[in-house]
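Number of protein chains: 2
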Amino acid sequence: MASYTAPLRDMRFIYNELFDSSEITALPGCEDATPDLVDAVLEEAAKLCQNELFPLNRTGDEEGCQWDNGEVTTPAGFKEAYAKYIEGGWNGLACSPDHGGQGMPGTLNVLVEEMMCSSNMAFGMYAGLTRGAYRALNTFGCNKLKALYLPRLASGEWSGTMCLTEPQCGTDLGLIRTQAEHDDDGNYALRGTKIFISAGEHDLSSNIIHLVLARLPDAPAGIKGISLFLVPKFLPDENGEPGQRNTVTCASIENKMGIKASATCVMNFDDAKGWLVGEPHKGMRAMFTMMNDARLGVGMQGLGLAEIARQSAVEYARERLQGRSISGTQHEDKPADPIIVHPDVRRMLLTMRAFTEGARAMAAWIARHIDLRDRATDADARQASDDLVQLLTPIVKVYFSDGGFEIANLCIQVYGGHGYIRDTGVEQYARDARIAQIYEGANGIQALDLVGRKLPAHMGRYLRRFFHPVQAWIDDNTTQPELHPFVLPLAKAFGRLQIATGQIAQSGLKNPDEAGAASTDYLKLFGLVAFAYLWARMAKIGLDHQTDDEADFYAAKVATAKYFMDKILPQTGALFSSIMAGSGSIIDFPEASF
Amino acid sequence: MASYTAPLRDMRFIYNELFDSSEITALPGCEDATPDLVDAVLEEAAKLCQNELFPLNRTGDEEGCQWDNGEVTTPAGFKEAYAKYIEGGWNGLACSPDHGGQGMPGTLNVLVEEMMCSSNMAFGMYAGLTRGAYRALNTFGCNKLKALYLPRLASGEWSGTMCLTEPQCGTDLGLIRTQAEHDDDGNYALRGTKIFISAGEHDLSSNIIHLVLARLPDAPAGIKGISLFLVPKFLPDENGEPGQRNTVTCASIENKMGIKASATCVMNFDDAKGWLVGEPHKGMRAMFTMMNDARLGVGMQGLGLAEIARQSAVEYARERLQGRSISGTQHEDKPADPIIVHPDVRRMLLTMRAFTEGARAMAAWIARHIDLRDRATDADARQASDDLVQLLTPIVKVYFSDGGFEIANLCIQVYGGHGYIRDTGVEQYARDARIAQIYEGANGIQALDLVGRKLPAHMGRYLRRFFHPVQAWIDDNTTQPELHPFVLPLAKAFGRLQIATGQIAQSGLKNPDEAGAASTDYLKLFGLVAFAYLWARMAKIGLDHQTDDEADFYAAKVATAKYFMDKILPQTGALFSSIMAGSGSIIDFPEASF
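From first to last, the protein sequence lines stand for chains R and G.
Mind the numbering: the first sequence is residues -13 to 580 in our numbering, read in order.
Mind the numbering: the second sequence is residues -13 to 580 in our numbering, read in order.
Just to be clear, a hint being listed does not mean it is correct.
Because identical chains share one entry, a pair is satisfied inside a single copy or across any pair of copies.
What the hints assert, rightly or not - In the DSS-like style, the derived pairs of lysine-lysine whose C-alpha atoms are separated by at most 30 Å in a straight line are:
| # | residue 1 | residue 2 |
| --- | --- | --- |
| 1 | Lys320 | Lys210 |
| 2 | Lys320 | Lys268 |
| 3 | Lys132 | Lys268 |
| 4 | Lys268 | Lys130 |
| 5 | Lys70 | Lys33 |
| 6 | Lys496 | Lys320 |
| 7 | Lys259 | Lys65 |
| 8 | Lys259 | Lys210 |
| 9 | Lys130 | Lys210 |
Please keep in mind that the hints were generated in silico from the structure rather than gathered at the bench.
Using the sequences and the hints, build the whole thing.
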């Protein structure tokens, strides 16, 4: 019953129409990424996701991963699908040609990531972590480590992990206890236990490369004494092939709410051989680079699940016959009308649509700026893009993961009782989506990052990278009456964001807890304004194409934008009021009374 | 690690201080329900729930129900716990002494229901359905059926079900196909398949009494041709003991997202022997009576799960050490501060508290009016209470079940990664809570019931039963400055509700789809105003007791009310804006474009 169809038309719209794809092809190394090639890549990716990965999603959830004496078996079919995935060169799509990658723009890769998350989020995690390890090592590793490991990570032949969390520390990495000591070879021996390690052990790749946070013997206490190490499952032999088994082992895997096909491992390091990545005690900087990318990846999980949930809900709403339209029967020939006629069902479907298309636009927007940051020839342009990416990363992480969970739950609601039954497959989307609000920095931490680090950074410079273009766009488009239904609500919401920003900046100076108390509301407000900006821009394009061959497609853009402005954006009013009410009711509540 | 402590102090506050318990004891049959007795009952119920039911909650989820050749086995310990439950007379707490019940007020029973849902929602469902069957049969059954079945249902020796849903019909019961024909004994033979039947088969009770919607041969088409039948699993013999096995069988049970210890059955009726309950073709009326009670029961599930989630989150937030307070270290002696110091964690805990205490007040409010409806000597008083119950039932169902799911998810968020692991037990609360938004009429249907049936009923009479006391309370309390932080936000939100009501009434007259499109927003707005009214009243009581022995308890009431007004109630602004933006963006979206 369930099926997934990659939203290729909308991806092309975002890639070529909302944004100017020629700016991407103008970047060094991206010359080949012409619209035609991008189309072809997306179509091939769609086939892989629709035909190979999606069919394994439901069975993967039911079967889960199995642990036996340190070995982890992924669900039936995962191994074969992973082989096809690396055979097709998908893992290296955006990796450097120096390491055998295809050097495609990240903006393209992010759309492929969405498809993978829609079709099989648990599967996608193995690949996503490998790409994260690739990037961290590429940025911080020495040439010897890079030469040995990067080609294998780019191909996906070897996979990667991020080993941060320990039983006593998740958010607060300053509490890390894992120790690294010099060994006889001049490298390191790591000792400690890491928990919640995704893809820590599995049977998909011939080697697993762990990037591990640990302390050197002379490390300062806390966060400033953390170093990053590379610990392979198998030590590469003289030919670079997996050789001797290292003393890093999987003690158990977790039984979780969702992403059951992704192995979440307890990893024991028993004097496991490791190599330092980057400088001693500077591990957090490397990890943050990796984490920032990972946070966008988590955002894409939210979008991916929202998209498959949306598609499933639309399909069901067209097929399920139940009740009659309250404004008059629409299908006399049937025993009942399809539930898509009911306004409240349409409300849910439109909420899903407004989220997925808005999020896709935002994902492409930030991915473009990552491409610019990484490849633009002009240093100022690189800086400007980096600033915007820094600012928007926590927003994408939170707003997309919250949205993914909300939309997955709306899908269950459209299905009614049938949505609660595991066989139907849609409740899995909600269970899978739930983790995205938690890992790679819980959403509350992201909100704190936004108000505590990103707002004040460089005297508000990050912020201006967003405020200026939005203000400019509003100024440029206020005179066109047909745009008023979009520009005016945007301007109103943007005004609220500006005032709230001032309020938080001011009160946070007096007492950081004030900013902390407002942070979650503020992040949501920011996310809504960002979506409104992108929806207004999409509405404008839609209005310009009302007589095209694809008039329906563009009319739907305009109509969805209108829905967003009418029904979603008003939430900014509530968030604004809550922020402006101050934080006394939160901060002053006596701890003992909770 | 996990524990549950019944919130007895708050229950006493609601029962005796927020409302006047002497009005209840003044009702015929309730004379014995003195505050002392009510206290004693609550304490005993707390012991049962804390010591017997809660310890089975997690194992029940892990083990689930097992189906084997038509027989269903509940998880280990359920049978013994159920025996204790009926031995203690808990099932008949609010049943009539005529049938061996204890005749206690429903207001007391509803608090016990909350405890059962907190400690073990799946277990509570078996009992809740039995009480629902008791009430339906008590209201609509003939004397012979009542004499035979009610005492056994009151004791819980026999359990009950509601058999409505069929594969082709959930919400739209007019599509029911199950047939009932006269049999040779002058009774009925039922033939058909029912799905999603909670407690349809299990091993807790010695007999199961199904209340089944079906069609007589001469039935008019649609909803007006539905009759209600009683179909026992075992036909009572001449002594009223379970005798011959009836031809109603459980074909399978569902594998669900949550409430895994509650058996959700496919039931086949193969000329099963049945008795008509009430009049032919009038089954929907009886079912609605049963459903209305059930909807309040579902609301209590939301509250119950929110309460255990709140307690779990508070406990974890006090124990988990992670990070330092951003306004300065609070526990130098510890490696980190407990996360309860972080404003965003406090925000989550206060949101939980504002919901659970507000919902408990609202539950007791509506339960009181059910007691008044059922027992008041004055017919006008009975009518007035019935009106209010009719109006508030869909609001309690939706607002509590949405809240239950939201709060359960906040608990997971407070736990972070540990909340996503099944062993911790808290992700179960979210999975269990999710169904409450769906069954007994999906929340969208409840919202439609509110705007389509309850608002226009008797020219707005139901509505006035809410509007008048709220307006009167505001008028009575505007002059006290210390109440302004509560009365003014309430008055503002109430004004929004009044305007939105007018808007919906007007636009709905022109086009019912307009009201349908606004219904969910409107219901939430209504729920928020109802909570604000109760929180303002609670704040007033709290302010009056600031120098009591229990000053902390009352101060926390005031502080939580302030949090609700500052941080939750502003949502009314967003809902109001959304409603006033009209429904064009929902109704006009082309069906083909979804």
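Exercise. Is it within, between, both or neither when you check Lys130 against Lys210 at 30 Å Cα-Cα?
Worked result: within (26 Å within a copy, 80 Å between copies)
Exercise. Is it within, between, both or neither when you check Lys259 against Lys65 at 30 Å Cα-Cα?
Worked result: Classified as within: same-chain Cα gap 27 Å, cross-chain 54 Å, threshold 30 Å.
Problem set entry | Intra- versus inter-copy proximity for Lys268 and Lys320 (alpha-carbon distance at most 30 Å) | between (67 Å within a copy, 25 Å between copies)
Exercise. With identical chains treated as interchangeable, where does the CA-CA distance between Lys268 and Lys130 reach 30 Å or less: within a copy, between copies, both, or neither?
Worked result: within (19 Å within a copy, 82 Å between copies)
Exercise. How do Lys320 and Lys210 come out at 30 Å by Cα distance, when the copy is not named: within, between, both, or neither?
Worked result: between (68 Å within a copy, 19 Å between copies)
Problem set entry | Within, between, both or neither: Lys259, Lys210 at alpha-carbon 30 Å | within (23 Å within a copy, 76 Å between copies)
Exercise. From the Cα coordinates, with 30 Å as the cut-off, is the pair Lys70 and Lys33 best called within, between, both, or neither?
Worked result: within (12 Å within a copy, 58 Å between copies)
For this session: Using 30 Å as the alpha carbon limit, work out where Lys496 and Lys320 are close: within a copy, between copies, both or neither.
Result: between (65 Å within a copy, 26 Å between copies)
Exercise. Between the shortest in-copy and the shortest cross-copy C-alpha distance, which are at most 30 Å for Lys132 and Lys268: within, between, both, or neither?
Worked result: Cα proximity of Lys132 and Lys268: one copy only (18 Å, versus 77 Å across).
In terms of the numbered hints stated before, the structure departs from none.
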